[in-house]
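Undergrad: Below, each chain spelled out in residue letters.
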Amino acid sequence: MMRLPRFRYFAPTSVKEALRIRAGEGESAAFVAGGTDLYPNMKRRQQTPKTVIGLSRIPSLARLRAGADGLRIGSAVPLSEIENHRKARRLFPALVHAVSEISTPPLRNMGTLGGNVLLDTRCNYYDQNYEWRQAIDFCMKKDGTVCWVAPGSPKCLAVQSADSVPILIALRARAVLASPGGEREIPLEELYANDGIRYLTKRPDELLTEIRIPPPDGWTASYRKLRRRGAFDFPVLAVGAAVRREGDRVAESRILLGAVASAPVRASRAEAVLAGRPLDGASIREASEAAAVVSRPMDNTDFSFLWRKEMTGQWVGMALGDLSRGG
Amino acid sequence: MARRREKLPPDRSKALVAMTVNGERVEAPFEPHKTMLEVLREDLALTGTKHGCELGECGTCAVLLDGKPVLSCLVLGLECEGRSVETVEGMAGPEGLHPLQKAFADLGAAQCGYCTPGFLLTAKALLEENPRPTLPEIRQALAGNLCRCTGYVKIFEAVELAAAWLRGEAAEPRKESLYGYDFDESGLLPSHPGPVGAVLAAAREAAVDEGGDKPRPYRAKAR
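Chains as they are written, first to last, in my numbering: chain R, 56 to 382; chain S, 8 to 230.
Honestly, the hints are just simulated from the structure, not real lab data. By construction, the Cβ of each residue, glycine as well, lies at the ideal position given by its N, Cα and C atoms. Please note: incorrect hints may appear among the correct ones.
What the hints assert, rightly or not - Cβ pair distances, simulated, as ranges:
#, chain 1, residue 1, chain 2, residue 2, range
1, S, S20, R, F358, 45 to 53 Å
2, S, G74, R, R145, 20 to 28 Å
3, S, Y159, R, G331, 46 to 54 Å
4, R, G381, S, P143, 19 to 27 Å
5, S, P224, R, S115, 22 to 30 Å
Unchecked claim - Partial chain S-side listing against chain R, Cβ under 10 Å, derived:
#, residue
6, E38
7, L62
8, L72
9, L78
10, L133
11, A227
What the hints assert, rightly or not - A partial selection of chain R residues facing chain S, derived with a Cβ cut-off under 8 Å:
#, residue
12, M57
13, L59
14, F62
15, Y64
16, T91
17, Y94
18, P95
19, K98
20, G109
21, R112
22, P160
23, L162
24, N164
25, M165
26, G285
27, F287
Turn these sequences into a full structure, and let the hints guide you.
TA: The structure is reproduced here in structure tokens:
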């Protein structure tokens with residue numbers, strides 16, 4: 056049996072109580088919602104918190120509301136609840152599609168949106184059990200000093216692998232972070248840093264409480280994911296794309312790449328290519344080529360990294376193609 | 008002779024956790040860091056739930072938590088406090104096997120059988136929500152359960168057959184039974200028979216015998 060290390064467990068019933076416990080327990084405490092990311096990591100001794108603070112008994116974090124201000128999704132809302140939410144399906148079908156591509160049905164009954172948004176970065180040299188990592192000497196993300204993906208690299212290259220993140224950023228989502236000092240709301244893209252170890256700008260004493268998505272207001276969106284199997288697998292390339300058109304021309308667009316760096320990557324040049332033009336074969340082809348330039352996958356997930364880079368243009372083209380037909 | 012216990016970690020105190028297991032109200036003493044899979048197999052002697060990858064990648068440990076399939080290897084026992092857990096042992100009733108079990112047996116949807124409990128429970132949750140699933144819906148619902156023997160076709164057929172039986176239709180298996188005998192009459196039901204209450208009474212005493220603290224009742228709120 057691969058057992059969890061021992062820890063103290065708390066099940067607070069309010070955000071305030073959770074923050075108070077976190078303040079008391081300090082850096083060695085971890086928040087957990089669904090546990091589908093944290094517990095495997097704990098079993099493999101990638102993370103060994105002394106205290107685990109369960110969030111599943113906090114009603115405010117399990118709330119999912121649709122209103123005039125868009126969608127507000129509590130960080131502990133299970134992914135399957137988003138899949139089945141009628142208004143979410145109508146307003147943000149691309150988000151619901153991305154969520155339904157996460158892992159498997161039982162894991163979506165457990166895993167939460169907050170957990171996916173904060174998903175630990177992944178790497179073939181890191182997502183292994185203790186003995187495996189020990190056998191080749193530990194990497195810098197846990198217990199070691201070297202990056203086995205690129206031994207000359209000064210920073211960890213583990214990969215941002217959350218399905219929900221590229222599409223949420225494309226949909227202009229914002230994250231609400233609570234701490235003992237109060238609450239702050241930031242654009243979701245500001246939550247991430249391109250460093251496999253310090254991949255979040257969230258302070259450890261902050262708790263992600265809610266994801267807010269503004270109303271569509273003329274934006275349409277699409278999500279496309281590359282992986283080996285039709286279930287289970289994390290994306291090894293993900294594209295979240297959204298456009299707002301005026302007439303038949305693109306007024307604004309947001310194109311996000313996932314799983315090609317330690318943070319989500321915004322393909323700004325591809326967005327610039329589309330500005331003021333209709334979404335047709337020519338503009339989509341140019342935008343796809345521009346997006347592929349900023350895609351720099353590393354050799355640390357499934358499939359060859361060269362092929363994943365090559366596919367970036369194809370996948371961006373497919374996502375924009377969805378929008379040219381459906382929008 | 009005293010048992011060797013030098014490898015035991017220092018804190019062996021257990022929590023006493025109230026939950027419903029296969030319809031039976033139980034108070035189970037177990038260590039707080041245990042997963043529900045470990046609690047079921049080691050503390051409740053319900054070994055029908057199998058441990059596979061233990062990392063959420065195979066689905067064989069699936070149980071129903073408040074009616075929904077979850078992977079028991081990634082749910083803390085403590086998180087099940089006050090909730091209802093159903094395992095494969097809870098599927099067969101006094102009248103015999105659950106239609107899904109009978110269909111799996113009749114159609115040879117189980118070969119080595121290790122994935123079967125997870126498939127049965129996941130399929131049961133599907134049929135309770137959707138009595139008339141299409142083949143794509145069955146495939147989607149079972150996408151989180153790996154089987155390395157059958158190639159899945161017999162499993163999907165068995166779910167279709169059981170769904171028809173549960174709707175009250177007199178559907179026949181598409182193929183002859185590969186088992187050659189009738190599972191209903193064989194008496195071959197998985198795992199231990201009776202209620203888990205007796206198992207727990209013994210476990211409570213054993214916990215104290217082994218030098219652990221007397222299990223303390225656990226309630227889901229912060230100290």
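Undergrad: Hint by hint, note whether the structure agrees.
TA: Okay, the hints, checked on the actual structure:
1. S:S20 / R:F358: 45 to 53 Å: Because 47 Å falls inside the window, the suggested range holds.
2. S:G74 / R:R145: 20 to 28 Å: holds, 26 Å
3. S:Y159 / R:G331: 46 to 54 Å: Distance hint for S:Y159, R:G331 holds at roughly 50 Å.
4. R:G381 / S:P143: 19 to 27 Å: At roughly 21 Å between Cβ atoms, S:P143 and R:G381 fall inside 19 to 27 Å, so the hint holds.
5. S:P224 / R:S115: 22 to 30 Å: The hinted range 22 to 30 Å holds for S:P224 and R:S115, with Cβ atoms some 27 Å apart.
6. E38: holds, 8 Å
7. L62: Holds: closest Cβ of chain R sits about 4 Å from S:L62, inside 10 Å.
8. L72: Holds - the Cβ of S:L72 comes within 10 Å of chain R, reaching about 8 Å at its closest.
9. L78: Constraint on S:L78 satisfied, holds at 5 Å.
10. L133: Cβ of S:L133 sits 9 Å from chain R, so the hint holds.
11. A227: Result: holds, 4 Å to nearest chain R Cβ.
12. M57: holds, 5 Å
13. L59: holds, 5 Å
14. F62: Holds. Min distance 6 Å.
15. Y64: holds, 5 Å
16. T91: holds, 6 Å
17. Y94: With a closest approach of 5 Å, the R:Y94 hint holds.
18. P95: holds, 4 Å
19. K98: holds, 6 Å
20. G109: holds, 6 Å
21. R112: holds, 5 Å
22. P160: holds, 5 Å
23. L162: holds, 6 Å
24. N164: holds, 5 Å
25. M165: Nearest chain S Cβ about 5 Å off; hint holds.
26. G285: Check passed: Cβ of R:G285 comes within 7 Å of chain S, closer than 8 Å.
27. F287: holds, 6 Å
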